[in-house]
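Peer 1: Here's the letter readout for the chains.
2 protein chains.
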Amino acid sequence: MNLDYTNMLAPTVAGGVDAEAWSASTAAFAAAHAHVASEHARGVLGFLDLPEDDRLQRQVLDAAAEIHGRSGTKRVTDVVVLGIGGSALGPIALRTALAAPRWNELDDAQRGGRPRLHVLDNVDPASVTALLGRLAPASTVFIVTSKSGGTAETMAQYLVVRGWLEQALGDAAPRQLIFVTDPEKGALRALARRESVTALEIPANVGGRFSVLTAVGMLPAAMMGIDTHALLAGAAAMRDRCATDDLVRNPAGVFATLQWLADTRHQRPIHVLMPYSDALRDLAGWFVQLWAESLGKHRAPGDPGFGPTPIPALGATDQHSQVQLFMEGPGDKTVTFIAVAAPTGDVEIPALHGDVPELGYLGGHRLGELLDIERQATAGALARRGRPNMTVQVDRVDANALGQLFMFFELATVYAGALYGVDPMNQPGVELGKQFTYAMLGRADAEQARQEWNLLPKPQANRMV
Amino acid sequence: MNLDYTNMLAPTVAGGVDAEAWSASTAAFAAAHAHVASEHARGVLGFLDLPEDDRLQRQVLDAAAEIHGRSGTKRVTDVVVLGIGGSALGPIALRTALAAPRWNELDDAQRGGRPRLHVLDNVDPASVTALLGRLAPASTVFIVTSKSGGTAETMAQYLVVRGWLEQALGDAAPRQLIFVTDPEKGALRALARRESVTALEIPANVGGRFSVLTAVGMLPAAMMGIDTHALLAGAAAMRDRCATDDLVRNPAGVFATLQWLADTRHQRPIHVLMPYSDALRDLAGWFVQLWAESLGKHRAPGDPGFGPTPIPALGATDQHSQVQLFMEGPGDKTVTFIAVAAPTGDVEIPALHGDVPELGYLGGHRLGELLDIERQATAGALARRGRPNMTVQVDRVDANALGQLFMFFELATVYAGALYGVDPMNQPGVELGKQFTYAMLGRADAEQARQEWNLLPKPQANRMV
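Protein sequences appear in the order of chains A and B. Add 141 to a position in the first sequence, counting from 1, and you land on the number used in the working numbering. Add 141 to a position in the second sequence, counting from 1, and you land on the number used in the working numbering.
So here's chain A without its partners, still in its complex pose (with noise of 0.2 Å):
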């Protein structure tokens, strides 16, 4: 992959990044590379080392293999991953870029004899329902995954499957059981052990929205028949490449320093990410975890709050939704196209109603050159007017391509952690919503929360219509 930064940078347009800053800027990329460099030697950023970790990479083949086996003679159709935010945006954006389109509605014979994979990331019984009512308990496997292993709408999807599968199943609901956790801490590695469920490991120095090339996305990519090799020796060739803390050589280095400087010295805090390939639609939604929950938080108790708002696109299609905010609202952002060089399978348009004015153009081109193209007139009309934006490009949507775009962004998000002055690495802004939770559904070690939750404004009758 590469990145064009053209047009990021003032006087190419007009509100982009001022040329100083950005030469200026060099001294800090250098400090914030070493320091990623001081937190990666004191053992705290472990996803840097998992395209070297044979032992994971073994574990994860081995379960995938064994899984299969699993039933006996009955094979498994489905793979169900319980799990929220980092355990579910990650499965997901690997299945929609790597797996054939609409793999869930493709039968045995499309899929190569691989299961479908499902990923349930939320508690809405309506949808718990719905899928349970389409499974054979006794081909279908569950994969629970949770770093702390005790996540609370992944521990309760894990008793209602748990109690479906016993049901069904009697003694051998274990069997379709397996937990992907800390390899020490936590409820779920616990059970694991007591009940002799396999669980494979998330380092505990993985933070779970950085934890897609563990167990975590590799185990169900596994499952899906996709190249794990190929997407870690991706995320190493990117990490390699990101080694110089020569700033015009680093690509994430530079992606994160001109968010950053784009955020902090030129009001714009939004950033948008526009893949132009359905494939790489939930990627967005991977990133926007990534950036939103690394980077927006407090640098000390009671300050104001710090961090860039991230944003998912996709094109063409938001051209005919949020593209004409981004033309024309306030000048707060910057967009990142995805650009894809290659097209898989690209469509040529029949040159039919030629004498329509408005269709005989099309005529002769090819989809997936139109998509192309749509890309570069929406860049180049944000560059117009003095809108920021720059394009990522790979050369394909392939394993190799997502690994060094994984690697890519959860480089650059700590990069920025660095540049902004926040630990990228907590979420402690969740905390008191979780607390509140608990108090509510009567958890014994709420009463602080629930004494405080009693204390807040309750809904007001003569503001409410």
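To be clear, the hints were calculated from the coordinates, so they are not data collected in a lab. Keep in mind that a hint or two might mislead.
Just so you know, same-sequence chains aren't split out, so a pair can sit in one copy or run between any two.
20 Å max Cα-Cα, derived SDA-like pairs, lysine to any residue [what the hints assert, rightly or not]:
1. K575 <-> P598
2. K575 <-> P152
3. K599 <-> A155
4. K575 <-> R591
5. K599 <-> E510
Please build the complex by placing chain B on the supplied structure of chain A, with the hints as guidance.
Peer 2: Using the frame of chain A, we list chain B on its own:
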């Protein structure tokens, strides 16, 4: 439905809308309401009249019935909408909200003999090929939807589909087509006349993003067996509730005015819509287009741009993605929750593993209860941190409620247009990108755009990494 805005106002919530500003806004809203009424009177807000347009509704229901019988003995198994933006987001939102979950994965009996609904909202060749590869030409109907009748992406899809149908069915190809477009103007209308294709109407005074209650949304809905009368009844009821210019009795007025005040007086230009319901997930995407494309624009040539930035979210899922940013990031957002009082088919969480603290507290509760408690907890935690939020509540997700929600947000959008002082009905900002696309595709009438395109800065090698 009702709207609880307790948490939008100061001093209840520290960062909320100032009570004096709120009181003072009754006059501004009354003026906006009068402006909308006069715009309606001069005939430009046709969406307000759709619930009473019996002729249009009969047209939709007759067409739905006719399509069922169209293939003679061969039943229609698949309906494909070819459309983008306002032509796609409404049908998608309706399918997700009102058809059974995983509609397209159900078999014929489970769908009650109703067709699957596919929405092709992009020109990605991989998606188009994958979809056509799964369809039988003779049992598929394509609804080609374009208000203008000449949208490039939709025309390209149409040409590809037309070629595919002709190859399979020869002269019978037009029998598998139905157009939804302007009653008089545009290429689709002309083609329909020439080739005797059934063509339903989008009234000239109903803009694409306000068209969900025309044939654009209603024909796909009727085909899936959704109660279109109830949709219209809900919409009419909401419109009638909003007949008053007394702000505190007008739900759409309260929503619009609070968002406008939060943006323009309190620097909160980012407006999150976060349903706690999988069924309403895609309603948020529909809202994003409505709010972004209607309000994000210049008031005069050369001005810096106005309008709020909408963001879609989903509860509880996004508590593990975006909520950290909403809690602790910059104070530049409002959050609007959608709560469902009575979830469909609630599920009890079994009391298993009662001895494990991370699981034991969940047993005996229900999934829908957990989902709603999490919403309350998130709203409370945001309020506690000075982050203004409000809650739309519906009794259940049914056709009447959806009709209310569509009209609520559409009316709020035109009120907000009046408050911001922009025309919510146009989208001039996307024209330049369209012209650049025409130029690159060699359309004869795009000479001026070609010259402008050639003047744009080209990618620079030293800004590529």
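Peer 1: All hints are to be evaluated individually against the structure, with a verdict given for each.
Peer 2: Taking the hints in turn, this is what the structure says about them:
1. Within a single copy, K575 and P598 get their C-alpha atoms as close as 18 Å, which meets the 20 Å cut-off; across copies the closest is 50 Å, which misses it.
2. Proximity of K575 and P152 under a CA criterion of 20 Å is satisfied in neither setting, with 47 Å inside one chain copy and 25 Å between copies.
3. In the homo-oligomer, the alpha carbons of K599 and A155 lie at most 20 Å apart only across protomers (15 Å), although the nearest pairing inside one protomer, at 48 Å, exceeds that limit.
4. In this assembly of identical chains, the alpha carbons of K575 and R591 lie at most 20 Å apart only when taken from the same copy (11 Å versus 56 Å across copies).
5. In this assembly of identical chains, K599 and E510 lie within 20 Å of each other by CA distance solely across copies; the values are 19 Å between and 56 Å within a copy.
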